[in-house]
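So the sequence lines, in the order shown, correspond to chains X and H.
Take 1 as the starting number for the first sequence in my numbering and just add one per residue.
Take 1 as the starting number for the second sequence in my numbering and just add one per residue.
If you're looking for bench data, these hints aren't it; they were derived computationally from the structure.
Any given hint could be a false lead.
[To be verified] Cross-link-like lysine-lysine pairs, in silico, DSSO-like; alpha carbons within 30 angstroms at most:
| id | chain 1 | residue 1 | chain 2 | residue 2 |
| --- | --- | --- | --- | --- |
| 1 | H | Lys31 | X | Lys340 |
| 2 | X | Lys67 | X | Lys2 |
| 3 | X | Lys303 | X | Lys187 |
| 4 | X | Lys353 | X | Lys400 |
| 5 | H | Lys31 | X | Lys180 |
| 6 | X | Lys303 | X | Lys60 |
[Stated by the list, open to error] Derived, one-sided and incomplete: chain H residues facing chain X with beta-carbon distance under 8 angstroms:
| id | residue |
| --- | --- |
| 7 | Thr63 |
| 8 | Met108 |
| 9 | Ser126 |
| 10 | Ala159 |
| 11 | Cys205 |
| 12 | Asp207 |
| 13 | Asn211 |
| 14 | Ala212 |
Just so it is clear, the structure is predicted and the values come from calculations on it, not from any experiment.
Virtual Cβ for every residue (Gly too), placed ideally from N, Cα, C.
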Amino acid sequence: MKLLLKNIDEPGLATRAVYEARGGYEALRRALTMQPEQVHAEIEASGLRGRGGAGFAMGKKVSFLPKGAPHKYLVCNADESEPGTFKDRELMQKCPHMLIEGLVIAAYAAGIAEAFIYIRGEYVLQADILDRALAEAREAGYVGQRILDSEHTLSLVVHRGAGAYICGEETGLLDSLEGKRGNPRLKPPFPAIQGLYQGPTLINNVETLATVPAIVTMGGQEYARLGTETSKGTKLVSISGHVQRPGNYEIELGIPSREIIYGLAGGPPDGRKVKCWFPGGSSAPVLTGDDLDVPYDFDSLAKAGTMLGSGAIIVADDATPILDVAMKVAKFYRHESCGKCTPCREGTNWTVKMLERIAVGEATPMDLEIMASVCENIIGNCLCVLGDAMAMPIGSIIAKFRGELEETMQAARLRHEPLLSEGAHSGADAALAAQGAPGPSGAPQPAGPYQEAL
Amino acid sequence: MSTPTPTPSPGQSPDVRPSASGWDRATDSEKLPAEIPDPEVVQVPQQLREEIEGHMALYPDSTSAALPALMAAQRVHGWCSPEAIEQAACVMRVTPASLAAVASFYDMLETSPVGRHAIYVCTNISCSLRGADRIYESMRDAAADEPDLNVRSFECLGACDIAPMASVDGVYVGPLEEADIPRLIDDVRAGRPVLAAKQLAHRPCADREANA
Ligand SMILES: Cc1cc2nc3c(=O)[nH]c(=O)nc-3n(C[C@H](O)[C@H](O)[C@H](O)COP(=O)(O)O)c2cc1C
Ligand code: SF4
Ligand code: FES
Numbered sequence: 001m002k003l004l005l006k007n008i009d010e011p012g013l014a015t016r017a018v019y020e021a022r023g024g025y026e027a028l029r030r031a032l033t034m035q036p037e038q039v040h041a042e043i044e045a046s047g048l049r050g051r052g053g054a055g056f057a058m059g060k061k062v063s064f065l066p067k068g069a070p071h072k073y074l075v076c077n078a079d080e081s082e083p084g085t086f087k088d089r090e091l092m093q094k095c096p097h098m099l100i101e102g103l104v105i106a107a108y109a110a111g112i113a114e115a116f117i118y119i120r121g122e123y124v125l126q127a128d129i130l131d132r133a134l135a136e137a138r139e140a141g142y143v144g145q146r147i148l149d150s151e152h153t154l155s156l157v158v159h160r161g162a163g164a165y166i167c168g169e170e171t172g173l174l175d176s177l178e179g180k181r182g183n184p185r186l187k188p189p190f191p192a193i194q195g196l197y198q199g200p201t202l203i204n205n206v207e208t209l210a211t212v213p214a215i216v217t218m219g220g221q222e223y224a225r226l227g228t229e230t231s232k233g234t235k236l237v238s239i240s241g242h243v244q245r246p247g248n249y250e251i252e253l254g255i256p257s258r259e260i261i262y263g264l265a266g267g268p269p270d271g272r273k274v275k276c277w278f279p280g281g282s283s284a285p286v287l288t289g290d291d292l293d294v295p296y297d298f299d300s301l302a303k304a305g306t307m308l309g310s311g312a313i314i315v316a317d318d319a320t321p322i323l324d325v326a327m328k329v330a331k332f333y334r335h336e337s338c339g340k341c342t343p344c345r346e347g348t349n350w351t352v353k354m355l356e357r358i359a360v361g362e363a364t365p366m367d368l369e370i371m372a373s374v375c376e377n378i379i380g381n382c383l384c385v386l387g388d389a390m391a392m393p394i395g396s397i398i399a400k401f402r403g404e405l406e407e408t409m410q411a412a413r414l415r416h417e418p419l420l421s422e423g424a425h426s427g428a429d430a431a432l433a434a435q436g437a438p439g440p441s442g443a444p445q446p447a448g449p450y451q452e453a454l
Numbered sequence: 001m002s003t004p005t006p007t008p009s010p011g012q013s014p015d016v017r018p019s020a021s022g023w024d025r026a027t028d029s030e031k032l033p034a035e036i037p038d039p040e041v042v043q044v045p046q047q048l049r050e051e052i053e054g055h056m057a058l059y060p061d062s063t064s065a066a067l068p069a070l071m072a073a074q075r076v077h078g079w080c081s082p083e084a085i086e087q088a089a090c091v092m093r094v095t096p097a098s099l100a101a102v103a104s105f106y107d108m109l110e111t112s113p114v115g116r117h118a119i120y121v122c123t124n125i126s127c128s129l130r131g132a133d134r135i136y137e138s139m140r141d142a143a144a145d146e147p148d149l150n151v152r153s154f155e156c157l158g159a160c161d162i163a164p165m166a167s168v169d170g171v172y173v174g175p176l177e178e179a180d181i182p183r184l185i186d187d188v189r190a191g192r193p194v195l196a197a198k199q200l201a202h203r204p205c206a207d208r209e210a211n212a
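Generate coordinates for the entire structure from the input sequences, incorporating the hints supplied.
Okay, structure coming up:
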């Protein structure tokens, strides 16, 4: 069943004319004949869960907005920066009107008159296409004052970011949209109560909003027949890494993961096997080749100790050193930490440094313990979950690939042993000393300056 | 810039942290508060002014135009130079410091002079699994003598389906092979569409059952 990719490569689909010829904006017309509460009820009945990462029910989020408040906002999260994720990109590039239609309907259901699309600055082509589509939609009376002669009015602005993963986090996004650094805010208050310009704000992902027209067309109950009991509907899956046919696929939630990785994407190159895979972007704890039968839906993946996240599967085959995977992940979060919370800012940095010590042969098995405890101390102790988003996959890699990490460490140590025994500078000693632990030489070391340990 | 006299902070003698200058010399209390640049004094190119004012008009609060304003100023000046920031601040009626703080947060805003063509090579995980780190090294080497090219390694650009990939002045190309690099650089130099056959814009959806 294809709802989002139905006509995706049709020439000209990005224009209003072709989109309308394929039934586009019919859902909006229909929604405007209903009461906003009825449209909201259809969204609730569909069971649609957010496609941006957290999987929160969209209908429920709408119901958190205070009724009748004068300045409420709808913000579409098109920041799409989670490594491995590229679904929103294809939707916005090829079918921008579907997003605009979904936005207008969602705003109607939630009683909102002002909306923004926050798109990552790197998506130049997609932002240009959105701008063009928006101009067309305005001209046709789908956006603006008294839409299609109804009481519904909506202003819509495409706002381009400038390169920062943290601006995908909803409150970081709001600060960025207000023209500030993209530092996340303390929650509560949640954006639904106090968000953009202090007003109640509904924030949804591109794919979530683009699904709304299909829900109005089919009816919420009909949509809810797709997928599983608690993960309803279809989902775009971005699959990349070591697979033969990387790309976006629209699946019904709940199919076996193997069917996506092998069936749709062709699996790793011939002769290779899946070593590990991230089921929901690089923030999701990894699974291994033994977990390929886990059904691909929110709850089955949660039960397997990981998450569906943004629906981005990254596959690494058995020729990949696990240390490389861990290093890439940790470095990404270190680079993207906004720096506001100490556990995240320092913890991501420490993790990278410790992985580097494994690589150069300065680590001891105890370092894995320290690294795991650094990760534990990040989780739940920060303003947003960016820190957790490093701690969880790294923690899972340490737990599942401990043997390999120890071997890598030992091999690197042997390569560097001569250097170490000559008494060359050892970052490992300094770091242990900073922890107040005895260095490998046995005797407690004087506490060195913090910077040197890092 | 004059060095202010260090003010010992309460409860901490200055020699406890001899190297941590930031703690003891956090502010210069002699300095006047930052001011919003005077439009009578600061010359802003007409087109830039209009572009920024256009953005400001889009939002309930004009401060929201900070990113588009900085991007526009960067296009004019090549980077977020003090002059670029002063001009944007002048139009937006905010202090240059408030915009400088914003500029330093975002990867696409340059806080030092760079070549005019932005080549972002993705080296995040999916691209790196497919050889991106080597592509990046080679690209950097190939552009070493080209001051016009700003080659940077970048985090996931949202196009892992064409890994390893790069964004060249905003145009996504991939999957890249080492052999593509000279051609890519030639194209940029000549102002031609970059690697026309490898542009993401022309790529069909991977899902074979899409379009059914
Ligand atoms: C560090 C971080 C980055 C995020 N990046 C994105 C993103 O790029 N796009 C997105 O839609 N959601 C992202 N999210 C999730 C958003 O905070 C938010 O949950 C989502 O936009 C809500 O929309 P949904 O309910 O439709 O999924 C991110 C969250 C975190 C913590
Ligand atoms: S957890 Fe990290 S990214 Fe999130 S607010 Fe804290 S420091 Fe910033
Ligand atoms: S990892 Fe390179 S584009 Fe995503």
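Hint check results:
1. Simply put, H/Lys31 and X/Lys340 have alpha-carbon atoms about 27 angstroms apart, close enough for the 30 angstroms limit, and the pair holds.
2. Annotation: proposed proximity of X/Lys67 to X/Lys2 is violated, straight-line Cα distance about 35 angstroms (limit 30 angstroms).
3. Restraint check for X/Lys303 and X/Lys187: the C-alpha separation of about 26 angstroms stays at or below 30 angstroms, so the hint holds.
4. Among the hinted pairs, X/Lys353 with X/Lys400 is consistent with the structure: their alpha-carbon atoms are about 21 angstroms apart, no more than 30 angstroms.
5. Our distance criterion of 30 angstroms between C-alpha atoms is met by H/Lys31 and X/Lys180, whose separation comes to about 24 angstroms.
6. In summary, the hint linking X/Lys303 to X/Lys60 is supported, as the alpha carbons are separated by about 23 angstroms, within the 30 angstroms threshold.
7. The restraint placing H/Thr63 at the interface with chain X holds, with a minimum CB-CB distance near 4 angstroms, inside the 8 angstroms limit.
8. For H/Met108, the shortest C-beta to C-beta distance to chain X is roughly 4 angstroms, which falls under 8 angstroms, so the interface hint holds.
9. The closest approach between the C-beta of H/Ser126 and any C-beta of chain X is roughly 4 angstroms, which is under the 8 angstroms cut-off, so the hint is satisfied.
10. Given hint, H/Ala159 at the interface with chain X, holds; its Cβ is 6 angstroms from that chain's nearest Cβ, closer than 8 angstroms.
11. At a threshold of 8 angstroms, the smallest CB-CB gap from H/Cys205 to chain X is about 5 angstroms, leaving the interface hint in force.
12. Here the hint on H/Asp207 is kept, as its CB sits about 4 angstroms from the closest CB of chain X, short of 8 angstroms.
13. Because the beta carbon of H/Asn211 sits about 5 angstroms from the nearest beta carbon in chain X, less than 8 angstroms, this interface hint is met.
14. A hinted interface residue such as H/Ala212 counts as satisfied when its beta carbon comes closer than 8 angstroms to some beta carbon of chain X; here the least separation is about 6 angstroms, so the hint holds.
Hint compliance for this structure: hint 2 is the single one not met.
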